[in-house]
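K.L.:
Residue-level listing of the chains:
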Amino acid sequence: MSGAGRGVRAEEEEPVRARDGFGWGERLPALVLFLVALAYGFAAARIEYAFSSDPLGPRVFPLGLAILLALLALAWFLRPGGAEPWPRGGLLVQTAGLVALAYLAAWLFDRAGFLIAMGVLCTGAALMFRATLRQALASGIAQAVLWWLVFAYGLRIPLPAGRWFTGS
Amino acid sequence: MSLDYLWTGFAVALQWHNLLFGLLGCLLGTVVGALPAIGPINGIALLLPLAYTLGVPAESTMILLAGVYYGAEYGGRISSILLNVPGDAGAVMTALDGYPMARDGRGAEALALSGIASFVGGMLSVLALTFFAPLLGQLAIGFGPAEYFVLMIFAFATLTSMVGDQPVKTMIGAAFGLALSTVGLDPTSGAYRFTFGEPELYDGIEFIILVIGLFSISEVLVLLERQHRGGLETVSIGRGFPSLATLRLCLGAMLRGTGIGFLIGVLPGTGASVASAVSYTTEKRISDRAGTFGRGDPRGLAAPEAANNAAAGGAFVPMLTLGVPGSGTTAVMLGALLLYNIQPGPQLFTERPELAGGLVASMYIGNILLLVLNLPLVQIFVRMLLIPNWILLPGILALAFLGVYSTYASSLSIVLMISVGIFGYLLRKLGFDLAPVILGFVLGKVTETNLRNALAISGGELGILFASPIALVLWALAVLVLFAPLLLRRRSSEPRA
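Just so you know, the sequences run in chain order Z and V.
The opening residue of the first sequence carries number 4 in this note's numbering; numbering runs sequentially from there.
The opening residue of the second sequence carries number 192 in this note's numbering; numbering runs sequentially from there.
Hints are supplied without guarantee of correctness; some may be wrong.
Calculated lysine to aspartate or glutamate pairs in the EDC-like style (CA-CA distance at most 20 Å, straight line) [stated by the list, open to error]:
1) V/K620 with V/D356
2) V/K636 with V/E391
3) V/K636 with Z/E87
4) V/K636 with V/D356
5) V/K620 with Z/E87
What follows is a set of in silico ranges between Cβ atoms, one per label pair, in the way DEER data are often shown [unchecked claim]:
6) Z/G157 with V/R682: 52 to 62 Å
7) V/R486 with Z/G84: 28 to 38 Å
8) Z/A99 with V/D356: 24 to 34 Å
It is worth saying that the hints were derived from the structure and are not from the lab.
This structure is a prediction, so every number in the text was calculated from the model and none was measured.
Each residue gets a CB set at the ideal place from its N, CA and C atoms; glycine is no exception.
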């Protein structure tokens with residue numbers, strides 16, 4: 004699922020490796036993957052079980068996968084390539100902001116209820132996708148109410164009203 | 192060979208509620224495909240939890256999701272042709288000649304021609320699916336655990352060889368998906384694996400959280416970035432319909448595209464994007480004598496459009512008969528079947544004819560519906576392109592939240608989904624394709640269980656994996672698909688004497 008590609012400036016297509024020389028933008032994640040593979044293999048070797056009806060047991064398959072993943076991580080480390088540049092500056096702030104907004108909405112979901120959580124999420128996200136404040140507010144409130152009506156009344160799926168208001 | 196399953200299927204697919212599910216799927220699929228923001232996997236990922244939570248029967252859910260799948264293959268062409276932005280991965284090649292046609296004022300002709308090519312590809316592939324799937328199913332009855340395990344190896348080999356241009360990353364993705372599938376209770380030994388004492392992980396990683404997070408949340412983050420880089424220029428649709436001469440000119444391209452698309456679709460792990468790319472390059476080699484491809488040649492539009500729709504039909508063959516998805520989207524649909532406790536396989540056509548037959552029959556009906564929707568009503572779908580991102584993308588986020596919450600009734604699941612989404616975004620930035628991850632995840636349990644069952648039968652002797660002719664053929668095919676592209680590349684790069 005590569006999705007759609009819009010007109011992208013040439014310098015933004017520049018591979019990560021060309022920018023940081025040694026290609027740490029990819030080699031570092033490859034090292035992390037190698038460590039994850041080791042940890043996964045270590046945890047697999049320590050799986051406890053009393054009895055297994057097959058000669059392989061529950062450890063061997065994940066152990067094999069751990070070895071495979073570690074080898075592949077090394078191969079990736081040795082020959083990185085194909086990564087996109089990481090967001091920087093304003094884009095990085097926006098991306099981090101959208102992630103924070105999503106976590107905030109998840110935190111509000113049970114506490115403040117569906118309507119407020121969705122209102123915050125949809126309004127904030129609309130602003131990040133270049134709506135004016137008025138457009139964002141209108142879209143956020145309309146979407147929160149619309150989805151509430153569709154799910155709670157149309158599909159009869161219960162949505163949280165908010166612990167802060169119901170006290171339960 | 193009996194086609195009883197198909198007649199049972201038509202009886203199911205023609206029930207009014209299933210007709211409505213099919214129509215809804217086709218409509219939503221076309222919209223999902225047309226919008227540059229979301230592809231068929233996202234559409235299916237967002238709809239699946241709703242259908243499951245609302246208790247929609249398995250056959251109706253599959254009819255709905257299949258409608259979204261091939262509807263998206265129709266819809267993907269709209270933004271490709273008018274915006275030069277593929278609506279989904281399968282429509283990338285459509286833009287090469289479709290967009291130049293639209294810029295020449297032949298947008299309506301290009302849309303109609305691609306709609307007809309989609310219909311030809313879709314309909315012929317369903318016909319092939321109807322006859323081919325039960326035959327493959329009969330062959331698969333002879334499969335034991337060893338053969339199934341080797342089949343999975345073949346699927347992963349095909350995936351590595353055909354998906355993306357970085358085999359190491361494709362393999363890492365698949366291995367990572369396999370590793371994720373080992374989390375939870377091991378039913379054979381009763382051991383808890385990688386659960387860290389957390390009861391929420393005892394049943395393993397939840398499929399819906401994984402699929403919505405990986406695809407929908409990461410897509411919104413990627414689109415935020417793309418928006419930062421520039422806007423879109425829409426070309427007007429114009430008026431017109433392909434002449435009989437144009438249709439005649441494109442017939443060969445459509446038929447070749449259908450054949451290539453279906454065969455590539457049948458191969459495990461590959462999908463519409465590979466099919467349309469191979470079909471375009473093949474057609475260019477065969478037909479582009481005047482050097483018109485890439486400048487608005489209708490054959491360059493018809494071939495990949497027929498191919499991506501044919502691939503969607505072909506991808507159902509291994510999914511229904513062997514339980515091996517033919518594409519990333521069918522991997523999600525396989526996950527949907529498993530959610531309903533249905534294990535696809537050779538018996539599906541005889542034991543659950545209402546499901547297998549209903550699905551196949553709904554595709555005949557769906558393709559006709561889609562032709563009707565996509566020829567006279569295309570203007571309505573074109574208007575969808577005018578929906579601004581600030582309405583559309585918050586809506587996708589809201590649906591992702593709702594999908595997960597309606598299934599698990601827990602805000603912790605939403606937090607997990609967002610975390611998986613960030614992980615998916617990081618993978619995409621690092622140049623990983625996400626389809627192998629989901630494929631590894633849905634095939635993980637089957638792969639391990641069959642390996643362990645095979646070795647239980649043989650008393651631990653590995654020779655059982657090479658004992659039967661079927662297993663040997665599958666090993667040979669796996670080696671062939673892994674190394675043939677390397678050899679071909681080497682040969683083509685050698686200087687000619």
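K.L.:
For a C-alpha distance cap of 20 Å, please report whether V/K636 and Z/E87 respect it.
P.N.:
Judged against 20 Å, a Cα distance of about 32 Å means the pair is violated.
K.L.:
Has the given pair, V/K620 with V/D356, been kept, meaning a C-alpha gap of at most 20 Å?
P.N.:
15 Å, holds
K.L.:
Hinted pair, alpha-carbon criterion (20 Å max): V/K620, Z/E87. Please report holds or violated.
P.N.:
Status holds; Cα separation ~5 Å.
K.L.:
Do Z/G157 and V/R682 keep their Cβ atoms within the hinted range of 52 to 62 Å?
P.N.:
60 Å, holds
K.L.:
Keeping to a limit of 20 Å between CA atoms, is the pair of V/K636 and V/E391 held or broken?
P.N.:
Given that 20 Å is the threshold and the Cα spacing comes to 19 Å, the pair holds.
K.L.:
CA of V/K636 to CA of V/D356, is that 20 Å or under?
P.N.:
Distance of about 27 Å is beyond 20 Å: violated.
K.L.:
That 24 to 34 Å hint for Z/A99 and V/D356 (C-beta), does it hold up?
P.N.:
30 Å, holds
K.L.:
If I claimed the Cβ atoms of V/R486 and Z/G84 lie 28 to 38 Å apart, would that claim hold in this structure?
P.N.:
32 Å, holds
When held up to the earlier numbered hints, the structure conflicts with 3 and 4 and fits the remainder.
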